[in-house]
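Letter by letter, the chains look like this.
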Amino acid sequence: MDRRSLEEKLFKVLMIASTLIVVGSLFALFSAIVLKGAPALSLSMITQTPQGGYYLGKGGGVLNAIVGSLYLGIGATILALLIALPVALFLQKDYIGRSRFATITRLSLDVLWGVPSIVYGAFGFIIMVYLGIRASLLGGIIVLMLLELPIMIRALDEVVRRVPQELKDESYAMGATRLETTIKVVFRQILPGAVTGVLLAFGRGIGDAASILFTTGYTDRLPHSLFDPVASLPLAVFFQLGTPFPEVQQRAYASAVILLVIVLLLSIISRLLTRRFTKYVIR
Amino acid sequence: MTLLKPYISVEGLNVSYGKCPALQNITMQIPEKQITVIIGPSGCGKTTLLKCLNRLIDLTEGVKLSGRVFVDGVDIYSSRGVDPAQIRRKMGFLSQRPFPLPMSIYDNVAYGLRLNGLKDKLKVDAVVEHHLKLVGLWEEVRHRLKSPAWNLSAGQQQRLCLARSLAVEPEAILGDEPTSALDPMSSQRIEKIFLELKSQYTIVVVTHILRQAKRLADYVIFLYLGKLIEHGPARSIFENPKEPATQAYIRGEIS
Amino acid sequence: MRFRRLKDFLASRLMLSATVFSTLLVILIAVGLYFKSRPILSVQPLSKLLFSSSWHPLNGEFGLSSFLLGTLWVTGVAMIIAIPLCLLTSIYLAEYAPRRVRGIVKPMIDLLAGIPSVVYGLFGILLIVPLTKSIASAFGSTTNGYNVLSGGIVLAMMVFPVIIAISTEVIESVPYGMREASLALGSTKWQATKLVVSRGALPGLIAAIVLGFTRAFGETMAVLMVVGNVAKAPSSVFDPAYPLPALIANNYGEMMSVPLYGSALLFAALVLLVVVFLFSLVARTILLRVERGYQVG
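Line by line, the protein sequences are chains S, H and A.
Per the numbering used here, the very first residue in the first sequence carries number 1; after that it's consecutive.
Per the numbering used here, the very first residue in the second sequence carries number 1001; after that it's consecutive.
Per the numbering used here, the very first residue in the third sequence carries number 2001; after that it's consecutive.
This is chain S alone, in the form it adopts within the complex:
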């Protein structure tokens, strides 16, 4: 008996220790970045673009990157949503549900989910060369859209699947078409989960660097047109880190703090919106 309870106690300790390590690493990350970056975080960082000599330590901020990332993220997310939503809806039983086509689709979406972002970047590069687009906002939006697509489809698919069939059947029983049922019934039901999924994909898109490395370029100016290179926060962090000046490196950390804040905000907003919209969901 003693060996059994000893084993149980040992594993309980190990389990709690593991959990603490995992959660602790999160805290370590946040504290390290915030502590290092907060000193360099000033109003000018958020409101100004790099002035002359910024990378040598002079004045300015990363507004170009903040706005650039927002444009990239919003553009990509909207485009991805336009494709992801129909696909997620199409995967319902009402349309292609259990068919072989659906299985193949889900399989390829799984693979897409696992494709590294650098491969998306490489592919995006090929497309852009083929289409004659150079590194620009448009290129970045296209690549990020491809990156976000499987994430969004998976999240939306999970929510759509949970809509009870009885609910939809009642709509059909009243003579509604599939489209009408989808718009009137399914949409309301999936709203909270869909919001979370969209924000999740958005966060992933904004934070990615590998895919936009060669498809978006970089610039110190605010975005002007779709066909100009655009700055982004992840790359801002990366480039500022690469300079030999400690003041600029500090700014890299500050930019990272900005990124973290955005991610945190997205998480909080998605939770709040979910709670709010869950009022309308029928259980």
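Bear in mind the hints are in silico, worked out from the structure with no lab data behind them.
If a hint is listed, it holds; no wrong ones were tucked in.
The calculated lysine-lysine pairs, modelled on DSSO-like cross-linking and capped at a C-alpha distance of 30 angstroms, are:
hint : chain 1 : residue 1 : chain 2 : residue 2
1    : A       : K2194     : H       : K1064
2    : A       : K2194     : H       : K1121
3    : H       : K1123     : H       : K1192
4    : S       : K12       : H       : K1064
5    : A       : K2189     : H       : K1123
6    : H       : K1121     : H       : K1133
7    : S       : K9        : H       : K1090
8    : A       : K2106     : S       : K279
Could you slot chains H and A onto chain S? The hints should help.
Frame of chain S, contents of chains H and A only:
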């Protein structure tokens, strides 16, 4: 019929989930080596009561329990020196749906034995064979003992669960509607096995099928809305119920 | 009514095209990468590309083996760290943690999933690189901190949320009755978890690990920043390495100037795609079998 020595004795048992009372002030006794059937309309606490008898109720979150339950003279809820695992080993448990463990047929029956440290392969083989024979499964599965247990039919699975429970040599068997997920033929087989086993084991079965209760019971306990309404030898309960609720239930008016 | 039916029909056609597009996307990417790899594949045999360790683009030598090995080393270290930690944490969250703890910890782990790669890289530089330096000196090796171990630790952190989320769900979905059955036979809670629940959850757990591996394999930025980027296969965790994704990311600029360089890099991307494809296939097949009822009930 005289009441034989009680194997389980419940005193003042109160159970509530959060704010909802599930069992109120239950005091009763379960006779040894007989089949006691707990009857009552669905959702009245029968399963809860059963799970209190072997402390399986401990698993449920948010349960508040007070009172005493004596098994073979020992209060299983007393705060000192009681090992729930030991208690449970004394009582086999069959749930509504058969739950074979995710392993082979052989390993299912051997599971409990191995838990208790029995390693000698020959001995384990013998015990497995003996108990599979006891529940009438031996001929059906002897050639595929190593195949996964979940490939069996529901009736076979439930018999396997019974064999598994018996293999650890319990003193009692608790059944929570053990035939409700089975077809009539399998149900019959299980009932037949219970009737054969009662000479050696104390059996407590929860059921909502009155006819099954009548077939099996030596002693009956009637629960309604979490309260113990009436209990006694089977014949007197079925033929001469005293409480109005019991009468209504026997007549089939409440279910 | 006709008009409504027409709308429904058009809508479903639109959905079909979107779905077909999404399904074909993988193939499109594979085909695109393959076409761009043709130039180098026609000049060098596949075996040389994959197994030679001489990487001298200016001389036309594009042996990828040191990079492949580098990737394997880093990913391997990451999995060795992540698997036990994640499994233990998942079991704790699914079986033992009080509801309140679960409610706080789970969202935190999800938060880990949303942190951008570069930020992980920064964290790596700040804390992990010095850490491995001291660990190395404790073992008698020297390193400047930019090595496989640093890459592995950072990668492990990035993989935590994936493995934990899936594992926790899989363990929670093992039917309650199975735990009851084990306990009813006289096991302790831990024995039930060790012998029964883990058996029932095993396929799902394997899928979770495979998915974690997939994620780790292709991760670029964070690893790039801490792993040293030296094009030689590592012989210890304290050696630097040069994983395949880092190779592609670092040398993009040179792509245009040196002949066949671009093709070689895109071939490397193709290799990444193929590996990810195989692993995703394996994981999804396992999960499909689980859904179809490998478990009882």
